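Undergrad: We have chain V; now place chain C onto it with these hints.
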Amino acid sequence: MLRQLFFVISIAVVALANSQRKLSLDFPTPLLGNTSPGSVWPQPESHVSTAETFPVAVESFMFTYASKSNKCDLVYEAFKRYGAIIINSAGDQKLRFRPLTTPMLTGLEVNLMAPCEDYPSLDMDESYALDINSMAVATLTAKSVWGILRGMESFSQLLWESDSGQIVANKTNIIDKPRYAHRGILLDTSRHYQPVNVILENIDGMAYNKINVFHWHIVDDQSFPYVSSVYPDLSAKGAYNPITHIYTIEDVAEVIEYARLRGIRVVPEFDTPGHSTSMGKGQPGLLTECYTGSSPNGNYGPINPTVNTTYTFIQNLFTEVKSSFKDAYIHLGGDEVSFSCWQSNPAINNWMKSHNMTGDYKKLEQVYIQQVLDISAAIGYSYIVWQEVVDNGVKVKADTVVEVWINNHPDNELAKVTALGYRALLAAPWYLDYISTGEDWKRYYSYEPSNFNGTAEQKKLLIGGEACLWGEYVDGSNVTPRLWPRASAVAERLWSPETVNDVDAATPRLHQHRCRMVQRGIPAEPLHPGYCKHEWRN
Amino acid sequence: MGCRDFFAVCLLLVGAVHATGKLGYPAPLLGETSPGSVWPQPHTVTASPQLYTIDIQAFRFEYLQTSQRCHVADEAFKRYQLLISRSGIKAKFHDKYSTSVISVLPVMITGPCEDMPSLDMKEGYILDVGSNPLLNASSVWGVLRGLETFSQMIWEDPSGQAVANKTHIIDEPRYAHRGLLLDTARHFLPVNVILENLEAMAYNKFNVFHWHIVDAQSFPYVSTVYPNLHLKGSYSSLNLVYTPEMIAQVIEFARLRGIRVVPEFDTPGHTYSWGLGQPGLLTTCYTGGKPNGDVGPINPTVNSSYTFIKNLFTEVRGQFKDKYIHLGGDEVPFDCWKSNPNITTWMAAHNMSGDYAKLEQVYIQQVIDITGAIGFSYIVWQEVIDNGVKAKDDTVVEVWINNHPEVEMAKVTALGYRTILAAPWYLEELTVGEDWKKYYSYEPTNFNGTAQQKALVIGGEACLWGEYVDATNISPRLWPRASAVAERLWSPETVNDVDAATPRLHQHRCRMVQRGIPAEPLHPSYCVFDWMNRK
Chain V
1 MLRQLFFVIS IAVVALANSQ RKLSLDFPTP LLGNTSPGSV WPQPESHVST
51 AETFPVAVES FMFTYASKSN KCDLVYEAFK RYGAIIINSA GDQKLRFRPL
101 TTPMLTGLEV NLMAPCEDYP SLDMDESYAL DINSMAVATL TAKSVWGILR
151 GMESFSQLLW ESDSGQIVAN KTNIIDKPRY AHRGILLDTS RHYQPVNVIL
201 ENIDGMAYNK INVFHWHIVD DQSFPYVSSV YPDLSAKGAY NPITHIYTIE
251 DVAEVIEYAR LRGIRVVPEF DTPGHSTSMG KGQPGLLTEC YTGSSPNGNY
301 GPINPTVNTT YTFIQNLFTE VKSSFKDAYI HLGGDEVSFS CWQSNPAINN
351 WMKSHNMTGD YKKLEQVYIQ QVLDISAAIG YSYIVWQEVV DNGVKVKADT
401 VVEVWINNHP DNELAKVTAL GYRALLAAPW YLDYISTGED WKRYYSYEPS
451 NFNGTAEQKK LLIGGEACLW GEYVDGSNVT PRLWPRASAV AERLWSPETV
501 NDVDAATPRL HQHRCRMVQR GIPAEPLHPG YCKHEWRN
Chain C
1 MGCRDFFAVC LLLVGAVHAT GKLGYPAPLL GETSPGSVWP QPHTVTASPQ
51 LYTIDIQAFR FEYLQTSQRC HVADEAFKRY QLLISRSGIK AKFHDKYSTS
101 VISVLPVMIT GPCEDMPSLD MKEGYILDVG SNPLLNASSV WGVLRGLETF
151 SQMIWEDPSG QAVANKTHII DEPRYAHRGL LLDTARHFLP VNVILENLEA
201 MAYNKFNVFH WHIVDAQSFP YVSTVYPNLH LKGSYSSLNL VYTPEMIAQV
251 IEFARLRGIR VVPEFDTPGH TYSWGLGQPG LLTTCYTGGK PNGDVGPINP
301 TVNSSYTFIK NLFTEVRGQF KDKYIHLGGD EVPFDCWKSN PNITTWMAAH
351 NMSGDYAKLE QVYIQQVIDI TGAIGFSYIV WQEVIDNGVK AKDDTVVEVW
401 INNHPEVEMA KVTALGYRTI LAAPWYLEEL TVGEDWKKYY SYEPTNFNGT
451 AQQKALVIGG EACLWGEYVD ATNISPRLWP RASAVAERLW SPETVNDVDA
501 ATPRLHQHRC RMVQRGIPAE PLHPSYCVFD WMNRK
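Protein chains in written order, with my numbering: chain V, 1 to 538; chain C, 1 to 535.
No wet-lab data here; the hints were simulated from the structure.
There is no bait here: all hints are sound.
Subject to a maximum C-alpha distance of 27 angstroms in a straight line, what follows is the list of computed BS3-like cross-link-like pairs (lysine-lysine):
1. C:K454 x C:K390
2. C:K323 x C:K392
3. V:K237 x C:K90
4. C:K232 x V:K533
5. C:K232 x C:K290
6. V:K143 x V:K326
The model shown is predicted, which means the values in this text are computed figures rather than measured ones.
If we strip away everything but chain V, and leave its shape as in the complex, we get:
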C-alpha cells in the first residue's frame, strides 16, 4: 500500500482534476462530492497522514478512557455526541460492507492528563494530540477537557465514506493547538429575535469549527429580549413580544450549558450608553431626554450619565447578569454614542458645568464608561469594549479588551490599540452581514490579523477575533445558511497557523467541510457550483 503523505496526494489530485478541465471550460469547475475526504477544518497545526486506511467499526465504535486518564462528565457527554455523529456519518450504507479481514478501527482511547474543569475560559488549554495507527484503537491525549473536545472534533472529521460506502480513516498523527485564544462569533438577538433552537444549532456549528466564544449581542435599540428578574419591565416593555420573543432565565441557562459542554464561552453584550432605546421602555428615567429649544421633544438619547439612578440600575442589572452568565467576561459595548441628545439637554449641560467639563462630551462619555467599568470590576467581571471607547480617548483600565470593528484601516487601529497596551480582538474584516455576490469567504480567509505595524509584544496583545453576523436582515429563516460556511473561513484563520492561507488549497477542504456540516444537520450554504455526497433535504 502507498505510504506517501496523504494530503500531498489529495491536493495534487484535485489540482490535476482542475487543470484538466479548466483548459476548456468557460464556466466555473464544479466542486464534485468528496473533494477532500478525511480532511480537517480548521487545519491542525501538524497533520501527517498516509494513504493507508482503516475501516471503522461504526456501529460498535467505543470511546474509552486510558487507564491513567481523568474522567469528567463533560468528556462523557462528548463521547455520546460524537458516537452519534460517527453513526450518522455512515449515511445510508452503514449496514453494508462489513469487512472482516482487514484490521478495524474499533475505538478511540482518551487520555486526559489534567483534572476536570467545568467552564471554558480565555485561558483554557485547547491543545491535543491524536494518533490513528495500525492499533485497533486510536488515541487522543490532552492536558485539559477542552483539548479533548477539540481532538474529538478532529477525530470525527478524519472519518470518511469510501466509494464502497465503508467508513474509513487514514493512518494519521495530529498535534494541534489554536493560534488565538479568543475565536468568536457574534449573533445579534435584538434586531431580530433568534429562537433558542436556532442558537443551539449554531453552537453546534461553532463546535464543528472550533469556535470557542459565542458573543451574544443580546439587546440593542430595537428590542430587549433578556428577561431580568430584578427589572422584569425591561423585557415586558422592551421585547418585541414579552411572551414569545424573550430569553427567560431557563433559556439563557440552556444556551450556556449547551455551549459549556462544547467548550464554548458565552459572553453577553449589554451595550451602553448608546444602543439602549429598548432599555428605556421598561426603565423610565434611564435614557436622556432630548430637547428642541427648551422643551423635551419626545425623543430619547443615550443613557443619562449624570444621575445616580443610572449607576444603581447598571449595578443591579450586571450583578444579575454575572450570576446567569458564567463567563469571566462581559462585553460593555460603548460603540456609536451620539452626543446630540446630551448636547440638547439643559440638565446635562448644567451638570457638566458644575463638574468643569462644559462642552466636553467625550469627557462625559468617559465619566460614564469609567463608572461602568468600576461597577463591572467590583462585581468581578472582566470586560470587552468596542474600539470607539478608546478612540474617544476614554481612559480605560489596563486589563480592558478592545474589539476593533470599523473596517477603515483596521490594521492602523490594531497598531494603536496594542501600542496603548490593551489586548485586542479583531472583527472588522469579518462582518458577515455585509453580503455580496460570490465567494466572499476567500476575502475573510485571506485577511491576516497580525498584519499591522507593531512590535512582537504588540502582536501578542492580539488575542483573537470574531465573525459578526448583525441581525438586521437575519432571523430563524436564514441565519444559519448565511453564517456557514462563511464563518468557517474565519474559524480557520483564527485556529490554524498563519502559513495556512492558500485559498486554492483551502477550497476542496472547505467544500468537504461544508458538506460535512450539511450531513450533520447544519444547513450550510454552497460555496460554488457542485454537490455534496449527502445533500440537504428539508
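TA: Frame of chain V, contents of chain C only:
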C-alpha cells in the same frame, strides 16, 4: 391596536411611524403591520371598516348552482380550507358579529373548465366579502387567484376572532407571463424544495416556473431516449436526477396552482454536461491543427446534432405539457467553432466563411424549425436577436443583460417580437440591505416605444441562478425578494410606492413564514409567528 380597525387607516399610521425617523436607527417592523392586506395588490379594492367574522374551523367553498365544477377548483377548495383553518388564529368563536358570520364562500365559474394553465389563460376574478359573499371568475384560473386573495384577507382582531373587512375586489393581472427561474444544473434542487417554491409562487400569484433544468455543470434530466445524458452528465445518477415521475409530479403540483412549467434546454452553448453522455454532439476544439481535448458549443454542421435535438425535444414535448419551451441561445462563444477545421470547411462550402453569427443562425433556425414542427412555441434569450439571428415572428425574446435593458426592450419590440423582461430581477446578485425596493421600483414599460411596442411586453421573470444556492438556502434567498417582482408584474403600474408597500410586504413575508415558507426578513422586525420559534 388602533391599526386593527381598518387597514387603510393602518397604512397611514405605519407610514407616520416610518416618517419620524428620529430614532437614530431603523424603526423595526412590528408584528402585524398591515393585517388583511393582499399581496400582490389587486387591481381595485373597495374596503370598508365593517368586519365579518370568518368561521375558519368550518369554512368551506361551494359552487353556485349555475357554476361549472372543475377538478382544479375542487382541489383548490381543499387546499385553501386547510390553509384558512391553519391560519394561526386562535379563533375564539363567539357571536360578536352574529349577523355577519361567513362560513361559506360561494364560487361561480362562468366559463368551461380548463386543465392546463397557458399564456392565454384568464386570471381575473371578482370577490365580494360581505353579506352576500361571492367569488366570480370566468375561468378556474381566476378562481385560484381569488381564493389566494381571500385567504390573505383574513386577520385576527383584538378579541382573537378571525375576521375580514367588508370588501369588493375586481382584479386581473397586468402581465400574462409572471415567471420565476430556478436553475437545477449549478446545484441540484430536490423535488420537495421545488414544490415548496411552487407553493410560494402560488402565494404570490406567479404563473410560470421557468425550469432551467440543465446547463454546462450538470444534466439532471432523465431522458428515456438518451439515458446516457443523465447517467454521465448528472452530478450523481443515483439521487441527483429528475425522473419522468418526478417531473410529472412537479407539473401536476404546478398545474393545480395555475402555474405553467416551461423547461429550458439551453443550446448551442451551456451544453458541456450534454456532451458527456452524447459523444459527437459538441464541437471539438483545436489548437495548432490538432484537437486539444476541449469541447465547445453543439456542432451545428452535422445532421446528427439535429436528429438528436429532434428526438430529445419530442420526448420533452410529451412530458412538459406547456406549449412553450425555452431554447436558451445565450452566451455562445465562437472561438471553438473558429478553431475547428471541419467547421471552417463546412462554412466555406456554405458560403459563410468567417460569419459565425450566421453559423449560429443556421443552428438556431433549424432548432426553431424542429421545435415548431413538434408543436412547441418558444422563448429565447436576447443574444439570439442581438447576434442578428432571424428568429420566427412568434418567438418570445427574454431580455436579461442588465446594461440598459430599456434600450434592448425598445429594440426587441421594434422588431415586433413579444418580450419578457428579466434583467432587473437577477436575484442571485446580492447587496447589503433592502434590495427588494430596487426590484419593486423598476418599471418594465419605461422604454422608448409606441403603445404597440409596449403591448408586446408580455411579462417578466425573477431569476435565481444556481451558482450559490441549493436546498440549504434557496427559499429564504428567494422570498420575499421575488414577491417584489410579483407585485410589479401583477398590480397596476400605479402601485409603485415603496413606503406604502413596506408594511404590506412585511405582513406578506410573515404570512409566508406562518404557512411554512422560510421567507427572510426585510428589515429589523418580528412576526407573530417567527420561523422556528418554538415558543
